[in-house]
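Asks: Protein chains in written order, with our numbering: chain Y, 63 to 592; chain S, 420 to 630.
If you're looking for bench data, these hints aren't it; they were derived computationally from the structure.
Hints are supplied without guarantee of correctness; some may be wrong.
Only pairs whose alpha carbons sit at most 27 Å apart, straight line, appear in this in silico DSS-like list of lysine-lysine [as the list claims (entries may be wrong)]:
#1 S:Lys454 / Y:Lys501
#2 Y:Lys223 / S:Lys518
#3 Y:Lys203 / Y:Lys434
#4 Y:Lys196 / Y:Lys170
#5 S:Lys518 / Y:Lys261
#6 S:Lys533 / Y:Lys261
#7 Y:Lys296 / S:Lys533
#8 S:Lys534 / Y:Lys223
#9 Y:Lys585 / S:Lys454
#10 Y:Lys223 / S:Lys486
#11 S:Lys534 / Y:Lys296
Some chain Y residues flagged as far from chain S (calculated, every beta-carbon gap over 10 Å) [said to hold, decoys possible]:
#12 Asp65
#13 Pro164
#14 His173
#15 Gly188
#16 Ile341
Glycine is no exception: its CB is placed at the ideal position from the N, C-alpha and C atoms.
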Amino acid sequence: MTDGYLALVLHAHLPFIRHPEYESFLEENWLFEAVTDTYIPLVDIFDRLIDDNVDFRITISLSPTLISMLRDELLVSRYIRHLDKLIRLSGMEMERTRNDGPTNSLAKMYHERYIRAKYLFSEKYGNDITRAFKKFQDLGKVEVITCSATHGYLPLMDVHKPAVRAQVKVAVDTYRSVFGSTPKGMWLPECGYQPGHDKFLSEFGIRYFFVETHGILFGTPRPKYGVYSPYFTKSGVAVFGRDLESSKAVWSSRDGYPGDVNYREYYRDIGFDLDFDYIKPFINECGTRVNTGIKYYRITGETDHKGIYDRDIAMKTAASHASNFMFNREKQVEHLKGVMDRKPIIVSPYDAELFGHWWFEGPQWLEYLLRKIHFDQETVKTITPSEYLDLYDAYPVMTPSMSSWGYKGYSEVWLDGSNDWIYRHLHKMAETMTADAGKYDSPSDVERRALNQMARELLLAQSSDWAFIMKTGTFVNYAVNRTREHVGRFFALHEQLTSGNIDIRMLEEAEHKYNLFRDIDYKTYALREE
Amino acid sequence: MTSSEYAGSGSDLNKKTDVRPMRDFHVPYGYNDNKIVLMIRDPWTLYSYWEIRREVEDGLRREIQEKGLIASNSLLRVYDVTEASSDACLRSEFSFELKDQADSWYIHIGNHGKKWIVEVGISCTTGEFFVLARSNTVEAPFYGMSEIYDDEWMCSEELYYRMFAASGGYGIGTSSLQVKETLERHHKGWLFSGGMSSGVFGSAGLFPKEK
Numbered sequence: 063m064t065d066g067y068l069a070l071v072l073h074a075h076l077p078f079i080r081h082p083e084y085e086s087f088l089e090e091n092w093l094f095e096a097v098t099d100t101y102i103p104l105v106d107i108f109d110r111l112i113d114d115n116v117d118f119r120i121t122i123s124l125s126p127t128l129i130s131m132l133r134d135e136l137l138v139s140r141y142i143r144h145l146d147k148l149i150r151l152s153g154m155e156m157e158r159t160r161n162d163g164p165t166n167s168l169a170k171m172y173h174e175r176y177i178r179a180k181y182l183f184s185e186k187y188g189n190d191i192t193r194a195f196k197k198f199q200d201l202g203k204v205e206v207i208t209c210s211a212t213h214g215y216l217p218l219m220d221v222h223k224p225a226v227r228a229q230v231k232v233a234v235d236t237y238r239s240v241f242g243s244t245p246k247g248m249w250l251p252e253c254g255y256q257p258g259h260d261k262f263l264s265e266f267g268i269r270y271f272f273v274e275t276h277g278i279l280f281g282t283p284r285p286k287y288g289v290y291s292p293y294f295t296k297s298g299v300a301v302f303g304r305d306l307e308s309s310k311a312v313w314s315s316r317d318g319y320p321g322d323v324n325y326r327e328y329y330r331d332i333g334f335d336l337d338f339d340y341i342k343p344f345i346n347e348c349g350t351r352v353n354t355g356i357k358y359y360r361i362t363g364e365t366d367h368k369g370i371y372d373r374d375i376a377m378k379t380a381a382s383h384a385s386n387f388m389f390n391r392e393k394q395v396e397h398l399k400g401v402m403d404r405k406p407i408i409v410s411p412y413d414a415e416l417f418g419h420w421w422f423e424g425p426q427w428l429e430y431l432l433r434k435i436h437f438d439q440e441t442v443k444t445i446t447p448s449e450y451l452d453l454y455d456a457y458p459v460m461t462p463s464m465s466s467w468g469y470k471g472y473s474e475v476w477l478d479g480s481n482d483w484i485y486r487h488l489h490k491m492a493e494t495m496t497a498d499a500g501k502y503d504s505p506s507d508v509e510r511r512a513l514n515q516m517a518r519e520l521l522l523a524q525s526s527d528w529a530f531i532m533k534t535g536t537f538v539n540y541a542v543n544r545t546r547e548h549v550g551r552f553f554a555l556h557e558q559l560t561s562g563n564i565d566i567r568m569l570e571e572a573e574h575k576y577n578l579f580r581d582i583d584y585k586t587y588a589l590r591e592e
Numbered sequence: 420m421t422s423s424e425y426a427g428s429g430s431d432l433n434k435k436t437d438v439r440p441m442r443d444f445h446v447p448y449g450y451n452d453n454k455i456v457l458m459i460r461d462p463w464t465l466y467s468y469w470e471i472r473r474e475v476e477d478g479l480r481r482e483i484q485e486k487g488l489i490a491s492n493s494l495l496r497v498y499d500v501t502e503a504s505s506d507a508c509l510r511s512e513f514s515f516e517l518k519d520q521a522d523s524w525y526i527h528i529g530n531h532g533k534k535w536i537v538e539v540g541i542s543c544t545t546g547e548f549f550v551l552a553r554s555n556t557v558e559a560p561f562y563g564m565s566e567i568y569d570d571e572w573m574c575s576e577e578l579y580y581r582m583f584a585a586s587g588g589y590g591i592g593t594s595s596l597q598v599k600e601t602l603e604r605h606h607k608g609w610l611f612s613g614g615m616s617s618g619v620f621g622s623a624g625l626f627p628k629e630k
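Please take these sequences and the hints and turn them into a complete structure.
Replies: Shown next as structure tokens:
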């Protein structure tokens with residue numbers, strides 16, 4: 063008898079990084095690493111679960127920028143090149159470590175892993191991994207949802223609402239073009255919610271979104287069920303709140319599972335550990351050492367003397383952590399049963415890239431968890447948010463509080479001394495875009511292209527990633543340059559449009575480089591009657 | 420977001436970005452606007468930026484002079500407009516003297532859940548204030564349990580704190596009083612330290628972080 067539900071939510075996102083002007087570009091590796099470490103392993107475990115008739119549900123948000131990159135011909139070809147290098151490197155590693163049994167078996171593990179990744183990516187899913195997610199969705203196991211177009215942090219756009227609306231509309235349009243339907247849910251980037259933004263979700267047919275715990279707990283009226291039930295906003299879109307207890311078990315670097323001493327150490331990579339001449343063909347072309355993805359050590363403890371990674375022990379640990387997670391959810395549900403007059407839903411959202419990239423064993427943990435939930439107990443069942451919304455005839459109504467899941471729970475990460483300079487430009491771009499969208503009713507073909515490119519530049523400038531990177535202090539130059547590029551090109555195009563002298567070469571270069579959102583319509587930004 | 424940068428125990432080599440140049444674009448220094456914008460950062464902090472056209476400021480200074488007054492400081496004035504029904508009801512909560520060509524400000528406000536606007540302008544030696552620009556209105560979020568409840572979905576304070584304890588990860592069985600006290604401590608902690616502990620309520624994919 064099921065007493066409650068668990069909604070696992072993985073949010074997958076990377077900013078749009080594509081540099082056709084260079085043969086290779088360091089920051090493009092972010093995508094390649096995420097595909098190898100996270101997306102392919104997730105696809106692999108979902109396939110296995112389905113083959114083994116394990117009934118499971120999971121919700122995955124794929125950001126529109128990520129979807130665009132995963133389907134981009136240039137990036138796909140570069141990814142395959144990247145994977146081929148890893149296959150070659152791991153093969154060399156098998157040879158180099160042939161007299162070191164434990165390390166050699168790990169080298170073989172990586173080699174087999176990369177060969178399988180290539181099979182899954184290229185052969186099984188035809189160089190488009192989004193097809194796998196569509197398949198899982200069609201089978202009713204995975205609910206694929208979207209997030210705002212470029213992962214723009216919406217609360218700090220509130221001063222220009224057409225900009226918020228456009229982030230939602232372009233996301234939904236992108237999703238439809240790939241998955242053939244309207245997304246049921248939307249992941250608000252960084253869980254950033256501003257009261258009133260739900261009406262844009264409602265306008266484009268979204269049924270639900272998520273907020274951070276205190277978005278619900280500090281909502282109005284008082285939430286009868288805490289975060290263990292969805293609530294309807296006045297616009298008719300449902301909101302789910304994050305459960306902190308289950309989140310903490312995975313997120314916390316101190317108390318969470320990923321910090322276990324038996325798990326693989328992320329910060330020891332052969333890209334840094336091995337002789338420069340040996341590793342040079344596999345690191346950055348400029349000669350900068352980077353992670354290759356091949357790592358032989360386990361976390362061990364707070365010491366520089368790391369022990370060798372033991373895959374079997376790590377897998378046993380992952381299984382044990384999956385049991386622990388399930389046990390705690392059972393206890394949680396049993397407790398909530400005594401407090402609630404309906405079956406609770408525990409919403410556990412995580413960044414997808416935590417699984418596999420940061421926490422190497424994360425995908426296996428997830429597989430064990432889903433198997434155990436299916437085979438070993440009956441108290442808790444996995445569910446998607448849309449399925450839960452179909453369980454009851456009515457849900458309470460509330461206005462969630464402004465909130466985010468960033469440090470301190472609000473907008474400080476994206477608005478502080480390191481990044482606040484961007485907002486006067488982003489707001490002016492949105493204001494100008496709205497004005498131009500109202501002004502150009504019947505533009506010429508070139509004018510239309512310029513206006514559409516302006517819309518892309520605005521969206522790309524709004525990626526929350528740039529402000530986040532400026533705040534965290536790594537890759538700052540890249541984030542600043544990207545912001546400058548989009549702001550600068552936007553106003554250059556605006557001036558050219560106004561003067562009637564559009565620089566076709568510059569426009570074509572921009573369209574070529576930032577080739578996402580091909581069907582964008584600048585009129586999305588035009589002011590509308592409320 | 421993936422980051423090769425975090426490998427290798429913080430070596431500088433790991434912190435390098437791809438330094439090859441991207442086409443250089445010019446970011447405007449200003450937009451020849453005369454406006455002030457107000458944003459919410461958290462329940463107790465607002466952020467405002469502004470741009471004032473030189474001719475607008477010169478014109479205002481002439482007006483002040485023509486009225487026989489003496490301009491003194493540039494000020495940022497903050498108004499609590501929660502209860503204001505018209506402009507005539509505006510009452511300044513506090514002001515900041517602006518120096519060194521300041522064009523933005525973080526404003527720490529005492530009360531959460533209130534509506535605010537700000538003005539940038541010039542004050543006179545005799546106290547009069549002349550406005551250069553007035554901002555949009557923002558409403559900072561309310562922090563804590565709502566006093567409003569739904570008759571159909573009644574939630575007592577006792578039930579609220581029981582659900583809060585369960586939702587907030589304080590552990591099953593924590594009493595409502597303990598949770599209430601913890602919430603109040605964090606509220607006060609925020610006011611004194613400038614932020615809520617990340618341990619209470621837990622930011623982008625391939626950068627290491629904790630939520």
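Asks: Identify every previously stated hint that the structure contradicts and give their numbers, smallest first.
Replies: As far as the earlier hints go, 2, 4, 5 and 10 are violated by this structure, in ascending order.
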